[in-house]
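Visitor: Chain by chain, the residues run as shown.
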Amino acid sequence: MGVKVMIPTPLRQYAEKRESIDLEAKTVAEALSSLTSQFGELKRHLYSDDGRLRSFVNVYVNDEDIRYLQKEKTALQQGDTISIVPSIAGGTE
Amino acid sequence: MIRVGEALIGKMHEHGARDYPNECCGALLGKDEGANRTVLGLVPLVNQRDDSPQNRFSITPEDVLLAEKEARAKGWDLIGWYHSHPDSPARPSEFDREHAWPWYSYIIFQVEKGEAREMRSWRLDDDRAKYEEENIEFISSVPR
Chain A
30 MGVKVMIPTP LRQYAEKRES IDLEAKTVAE ALSSLTSQFG ELKRHLYSDD
80 GRLRSFVNVY VNDEDIRYLQ KEKTALQQGD TISIVPSIAG GTE
Chain B
24 MIRVGEALIG KMHEHGARDY PNECCGALLG KDEGANRTVL GLVPLVNQRD
74 DSPQNRFSIT PEDVLLAEKE ARAKGWDLIG WYHSHPDSPA RPSEFDREHA
124 WPWYSYIIFQ VEKGEAREMR SWRLDDDRAK YEEENIEFIS SVPR
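The listed protein sequences derive, respectively, from chains A and B. Note that this note's numbering has the first sequence beginning at 30, numbered continuously upward. Note that this note's numbering has the second sequence beginning at 24, numbered continuously upward.
Worth double-checking, as some hints may not be accurate.
Said to hold, decoys possible - Heads up, incomplete: computed chain B residues facing chain A, CB under 7 Å, no partners named: (1) I82; (2) H106; (3) Y154; (4) F161.
What the hints assert, rightly or not - A few chain A residues that don't get close to chain B, going by computed Cβ distances all over 10 Å: (5) M30; (6) P37; (7) Q42; (8) L52; (9) S63; (10) Q67; (11) G80; (12) L82; (13) S84; (14) N87; (15) V114.
To be verified - No farther apart than 30 Å at their CA atoms in a straight line, the calculated lysine-lysine pairs in the DSS-like style are these: (16) A:K46 - B:K92; (17) B:K153 - B:K136; (18) B:K136 - A:K33.
Bear in mind the hints are in silico, worked out from the structure with no lab data behind them. On a predicted model such as this, the values are computed, not experimentally measured, just so you know. Beta carbons are placed, not taken as given, at the ideal position from N, Cα and C, and that holds for glycine.
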């Protein structure tokens, strides 16, 4: 399926400064895997050392948060837009 | 280097004092010109950490999208985030580092007994290993 992945501003520097990447994928997992194999530096910012998506990385298919769909197994349709949206967190020790 | 006008610093300080002893948080809108950035506006946000707001803050993806939209409407960029450290120094904690994004500027300021004090800015390294301090240039008025 031809899908579009929207890259958030802080990560564009690792993706040739592009706002979006078109790629072929059947699931969200495939799309993110294809994205990170194309742009290797993205991986450490999207995934923690144990291979899971970082807690502050939110992924939407069109306008739906994949946490409320089938997470990374969410199936994609031709023309879907996948958005990577940051959440922000921090605090004192 | 990041340039911040006195009026916006005042607004951040007021926000920090108002929310003390909890952490306050908000978005920095402005212009990114490579090595230099200028903060031109703020979007004060609600700290969504109900369980431990005195030492944690959280901004939802919906609020991130809202801040991006506001920046776009003004022809600016969403260049970073500010938050307060109540009764704690203005340097990033390990928790800050673990949760940080690259590229964004993270302005942190100490609020000591309800009064805003030291303000510093930080950016995460590409390898996520540490923050680099970003010099703040304090300016009397913001250029338009």
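Visitor: Would you mind confirming whether the straight-line C-alpha gap from K153 of chain B to K136 of chain B stays at or under 30 Å?
Guide: Since the Cα atoms of K153 of chain B and K136 of chain B sit roughly 29 Å apart, the hinted pair holds (cutoff 30 Å).
Visitor: Measuring Cβ to Cβ, find out whether M30 of chain A lies farther than 10 Å from everything in chain B.
Guide: holds, 24 Å
Visitor: Does the claim that V114 of chain A lies off the interface hold, with its Cβ farther than 10 Å from every Cβ of chain B?
Guide: At about 4 Å from chain B, V114 of chain A fails to clear the 10 Å cut-off, so the statement is violated.
Visitor: If you take the shortest Cβ to Cβ gap from I82 of chain B to chain A, is it below 7 Å?
Guide: holds, 4 Å
Visitor: Given F161 of chain B was flagged as interface, is its beta-carbon under 7 Å from a beta-carbon of chain A?
Guide: Status violated, d = 23 Å.
Visitor: Any Cβ of chain B at or closer than 10 Å to Q67 of chain A, or is the non-interface label fine?
Guide: Q67 of chain A clear of chain B: closest Cβ-Cβ about 18 Å, beyond 10 Å.
Visitor: Non-interface claim for L82 of chain A: all C-beta distances to chain B beyond 10 Å?
Guide: The claim holds: L82 of chain A sits with its nearest Cβ about 13 Å from chain B, beyond 10 Å.
Visitor: Taking the closest pair, is the beta carbon of Q42 of chain A still more than 10 Å from chain B?
Guide: The claim breaks: Q42 of chain A does not keep its Cβ more than 10 Å from every Cβ of chain B (closest is about 6 Å).
Visitor: Report holds if the minimum CB distance from G80 of chain A to chain B is greater than 10 Å, and violated otherwise.
Guide: Correct as stated: the minimum Cβ-Cβ distance to chain B is 15 Å, above 10 Å.
Visitor: Using Cβ atoms and 10 Å as the threshold, tell me whether L52 of chain A really stays out of contact range of chain B.
Guide: holds, 22 Å
Visitor: Hey, is P37 of chain A genuinely clear of chain B, shortest beta carbon separation above 10 Å?
Guide: Per Cβ check, P37 of chain A is inside 10 Å of chain B; nearest 8 Å; violated.
Visitor: K46 of chain A and K92 of chain B: Cα distance at most 30 Å?
Guide: Given pair K46 of chain A, K92 of chain B holds - Cα atoms ~19 Å apart, limit 30 Å.
Checked against the numbered hints given earlier, the structure breaks hints 3, 4, 6, 7, 13, 14, 15, 18 and satisfies all the rest.
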